[in-house]
Amino acid sequence: MILNIATYLSILIFLITVIYRFMRIANTPAHLRWDLYPVPHEGFKKAKYGGSYYEELDWWTKPRHVSIASELNTMIPEIIFLKGVWESNKGLWFWSWAFHFGLYLAVFMAALVVASAIIGPASTFGVVLTKIAGISTIFGYILGGIGCIGMIFKRLFNERLKMFTTVGSIVNLVFILAIFVTGLKAISEVNLFTTDPSSLIGQLQIFVSGLVGFDSSVPLNSSVIWHIGVTLAFMVYMPFTHMAHFVLKWFTYHGIRWNDEPNTAGSALEKDLTKSLNFKPTWAADHIKGDGKKTWVDIATEKGFKDEKK
Amino acid sequence: MKKNKLKISDFSKESDQLVHIDPKDFIPLPPPYDKIEDEPIWKEIKPEYRETHECTLDDTVAVGIPKPKTPEEEKELVDKFVSGLRKLFEKENNWTFLQQLMLSLEHCAKCQTCVDACPIYEASGKNDLYRPTYRSEIWRRIVKKYVQKKPFSSFTDGDIDLNWTTVARLIELSYRCTICRRCAQTCPVGVDNALITHELRKVFSQEMGIAAKEIHEKGSVLQLKVGSSTGMNSEVVKDNIDFIDEDMTDITGIEVKSKWDVKGADLMLIHNAGEIIAWPENPGAFAIILEAAGINWTMSSEAVAYDGINYGLWYDDVQLARVAIKHAQAAKKLGVKKIVVGECGHAHKALTVIADRVLVGDLNVPRESAMTLLEDIVFSGKIKFDPSRNDFPVTLHDPCNMVRLMGIVEPQRRILRYLCPQFREMTPHGVHNYCCGGGSGFAIMSAHNFTNWRVAVSGRKKFKQILDAYSDCPGPETKKYLCAPCSNCKGQIRDIFQYYNAKEKSNLIYGGLVELIVNAMVDVKPGFISWEDAF
Ligand code: SF4
Ligand code: SF4
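Protein sequences appear in the order of chains A and B.
Using the working numbering, the letters of the first sequence correspond one by one to residues 1 to 310.
Using the working numbering, the letters of the second sequence correspond one by one to residues 311 to 845.
These are calculated hints, taken from the structure and not from any lab test.
One thing to keep in mind: the hints can contain errors.
Derived pair list, reagent style DSSO-like, types lysine-lysine, alpha-carbon separation capped at 27 Å [as the list claims (entries may be wrong)]:
1) A:294 <-> B:323
2) A:90 <-> B:315
3) A:62 <-> B:642
4) B:317 <-> A:293
5) B:459 <-> A:280
6) A:90 <-> B:459
7) A:289 <-> B:323
8) A:162 <-> A:185
9) B:459 <-> A:249
10) B:642 <-> A:83
11) B:317 <-> A:271
12) B:317 <-> A:280
13) B:379 <-> A:294
14) A:162 <-> B:385
Take a look, some chain B residues computed to stay more than 10 Å from chain A by CB distance [unchecked claim]:
15) 369
16) 560
17) 587
All C-beta atoms, glycine included, are put in the ideal place defined by N, C-alpha and C.
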């Protein structure tokens with residue numbers, strides 16, 4: 001009963017926090033451009049060397065091409081292999097990759113557990129999903145655990161990193177390590193590779209079915225309960241930390257680095273910008289003297305100059 | 311305090327100087343510049359100046375703020391700093407960069423993947439003070455603890471003390487980064503240390519009225535007051551261009567007449583006015599090319615609009631907007647079809663990219679780079695070229711603002727591949743280039759011994775890269791040309807070459823792209839580019 005309620009609450013808190021953080025960024029006003037090249041949606045050819053539409057004569061008269069395929073070509077190796085870390089921080093790459101990939105596999109497993117629990121673990125497809133979930137779990141937990149331990153060591157002892165290591169950064173890693181360790185402990189106590197309800201995947205499937213059917217009477221092994229408990233605690237904690245980058249990275253790339261949308265007459269962007277230009281700043285330096293009454297337009301045009309020259 | 315022993319907490323502790331810079335730590339340059347004992351001696355900051363100004367960061371000083379006289383004055387400045395930081399997170403005050411800043415505040419994984427990308431950090435011999443993340447981390451901790459007042463932030467995000475020492479050092483440290491964004495390019499999360507430098511400078515300027523004199527008082531303020539940061543008013547600029555036209559006519563044998571205030575022209579060209587004073591052959595060469603191609607062009611003699619500089623880009627959104635609006639208003643007044651930005655990287659980015667979201671309505675006059683226009687002209691067949699006139703080793707410097715930050719990479723290369731038989735690339739190049747070390751205003755900042763720092767430290771990696779590009783012909787017997795299509799980069803490169811005596815030792819000169827184009831024009835008297843006259 002308690003575990004079920006805790007799960008509903010954790011999922012709720014997780015979703016609310018992640019959505020809140022996402023919306024908080026999404027609701028910031030249209031900003032000035034801050035693009036950084038290569039911008040992959042410029043297409044394969046240009047993305048290869050970092051070119052932009054500014055390389056075209058009279059670029060504003062030409063149609064704008066946005067290549068999703070080229071974007072995916074950049075995003076997939078980055079997400080799966082952490083290509084950027086490989087290129088610029090080889091010493092950290094393996095640990096970071098193992099850590100991230102372990103987490104991906106764990107999330108993948110969770111998705112398979114939910115799917116198989118819903119369609120029925122005993123169905124032909126359910127059995128396949130269960131097997132894949134089992135493989136994903138063992139690889140994910142071992143890889144993720146190794147990655148976590150490596151990262152903790154790096155953060156504590158590596159010259160390059162330790163200056164920036166805070167209690168918070170170690171707590172984050174220990175928390176995730178606890179998920180993998182409790183998971184592995186559960187695997188050692190209950191079977192993994194069977195579709196039997198007493199295996200870890202089977203127990204998780206029963207648990208998910210119970211959640212879906214509002215049935216809290218399902219019997220769970222204590223090591224599985226621990227594993228679920230730690231995972232739930234992490235779900236509540238994580239969105240409050242920098243680890244929310246798993247979703248907010250969308251903005252750092254699509255909203256900023258790759259945001260090369262030109263401002264065109266009559267566009268929605270222009271309307272948003274016009275609103276922002278009417279904000280009333282309070283910057284206090286003498287050359288601005290923002291008093292909360294003058295708008296950005298006033299300050300940036302003649303009126304502002306004259307006030308400044310006084 | 312020794313390098314690599316630096317802690318974040320040291321930053322707030324009072325001491326004579328946080329770090330010392332030792333040339334022995336610098337990355338070596340190739341021969342004949344490899345002897346550390348031949349490195350020029352750094353000018354000392356005068357003790358009297360140290361007495362009265364804040365110089366406690368490293369061995370140089372960029373801003374040089376007068377020391378507060380009383381603890382009350384110190385407190386007032388610290389409070390102002392906090393109030394400015396708060397404003398950075400208010401949409402009314404910082405809609406311009408709010409989204410970017412919030413993300414960079416909250417999502418750094420502290421993985422240090424970005425640090426090796428920084429030419430300043432690398433060239434200094436990995437001095438921790440110059441790590442891209444050091445400055446950002448201090449800022450982040452201050453924001454969490456003193457602005458957001460986040461509970462337990464000392465544990466979760468790390469502790470920091472905020473006092474006048476911290477603020478005074480941060481002011482200086484915000485001028486030890488060229489905002490080249492090379493580090494940002496490598497960040498897997500998309501966090502941007504350069505943006506943090508930029509926003510810190512904004513707090514100092516927009517809230518506290520503190521900025522490097524050269525970019526504010528003698529830069530954007532002067533430009534808005536008299537028309538140009540060079541101090542030239544409209545009449546002087548026209549006179550100077552007349553002289554340049556006469557000179558060009560003599561040198562090239564082609565009648566040159568620059569155009570002013572032509573209503574309805576196809577394009578309005580904006581130069582960095584520094585070219586007119588320091589490199590007159592550049593605006594001269596532009597005029598020769600545009601005339602030879604039969605283009606209906608003009609320049610504006612309207613105050614501010616004859617100077618493409620927009621230093622606000624590096625430190626102050628208000629100044630940026632004021633200058634950009636002046637540029638657009640001049641174009642609108644003339645009714646030109648487009649504005650073309652000459653060989654100036656930051657002017658490119660300020661007017662074309664950043665101001666794109668300031669210029670709304672009829673101020674949104676189309677704007678483009680001179681690189682694409684020149685490419686179109688060179689390959690149009692309107693002008694006859696003899697590439698053998700450029701048969702000397704040429705390499706290309708990629709101005710960060712034009713290349714990494716705008717994606718204008720190939721047009722200038724296509725011209726060089728066609729007109730310069732010995733063109734060679736630097737490693738790395740294009741969007742992965744190294745900054746010249748003069749970015750974000752450094753090229754025009756020379757007070758006290760700042761030139762020593764910006765040449766020997768922030769420009770070191772670039773100089774090494776340039777020399778490496780000529781490793782097959784390093785000696786003075788081979789004439790070599792570095793093409794840098796950007797006024798600020800040229801200013802920095804001029805200082806690097808003078809500092810290390812590169813003309814004598816390597817017969818290395820620098821200049822723009824248009825000079826190479828004119829040098830190869832069949833109708834022009836040979837020898838437009840001259841090693842003898844170069845300095
Ligand atoms: S800025 Fe990016 S690369 Fe640098 S430490 Fe932070 S997350 Fe890592
Ligand atoms: S922006 Fe450039 S100079 Fe500044 S920290 Fe990053 S790499 Fe270094």
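| field | Agreement of residue 289 of chain A and residue 323 of chain B with the hint, judged by alpha carbon distance not exceeding 27 Å | value | violated, 33 Å
| query | Is the Cβ of residue 560 of chain B more than 10 Å away from each Cβ in chain A? | reply | The claim holds: residue 560 of chain B sits with its nearest Cβ about 32 Å from chain A, beyond 10 Å.
| message | Holds or violated: residue 317 of chain B and residue 280 of chain A, Cα atoms, limit 27 Å. | response | At roughly 40 Å apart (the allowed maximum being 27 Å), residue 280 of chain A and residue 317 of chain B break the hint.
| Distance restraint between residue 459 of chain B and residue 280 of chain A, which requires alpha-carbon spacing of 27 Å or less | holds, 25 Å
| Does the structure keep residue 379 of chain B and residue 294 of chain A at a Cα separation of 27 Å or less? | violated, 34 Å
| Pair hint residue 459 of chain B and residue 249 of chain A, alpha-carbon separation not exceeding 27 Å | holds, 25 Å
| field | Hint consistency between residue 317 of chain B and residue 271 of chain A [alpha-carbon to alpha-carbon, up to 27 Å] | value | violated, 47 Å
| query | Can the restraint linking residue 90 of chain A and residue 315 of chain B be considered satisfied, given a maximum Cα separation of 27 Å? | reply | holds, 23 Å
| Pair hint residue 62 of chain A and residue 642 of chain B, alpha-carbon separation not exceeding 27 Å | Holds: residue 62 of chain A and residue 642 of chain B sit about 22 Å apart, inside 27 Å.
| request: Could you grab the alpha-carbon distance between residue 162 of chain A and residue 185 of chain A and see if it respects the 27 Å cut-off? | output: Distance ~30 Å between residue 162 of chain A and residue 185 of chain A Cα, so the pair is violated.
| 27 Å limit on alpha-carbon distance, applied to hinted pair residue 317 of chain B and residue 293 of chain A | Not satisfied, since the Cα-Cα distance of roughly 43 Å exceeds 27 Å.
| Within 27 Å, alpha carbon to alpha carbon, are residue 294 of chain A and residue 323 of chain B? | violated, 40 Å
When held up to the earlier numbered hints, the structure conflicts with 1, 4, 6, 7, 8, 10, 11, 12, 13, 14 and fits the remainder.
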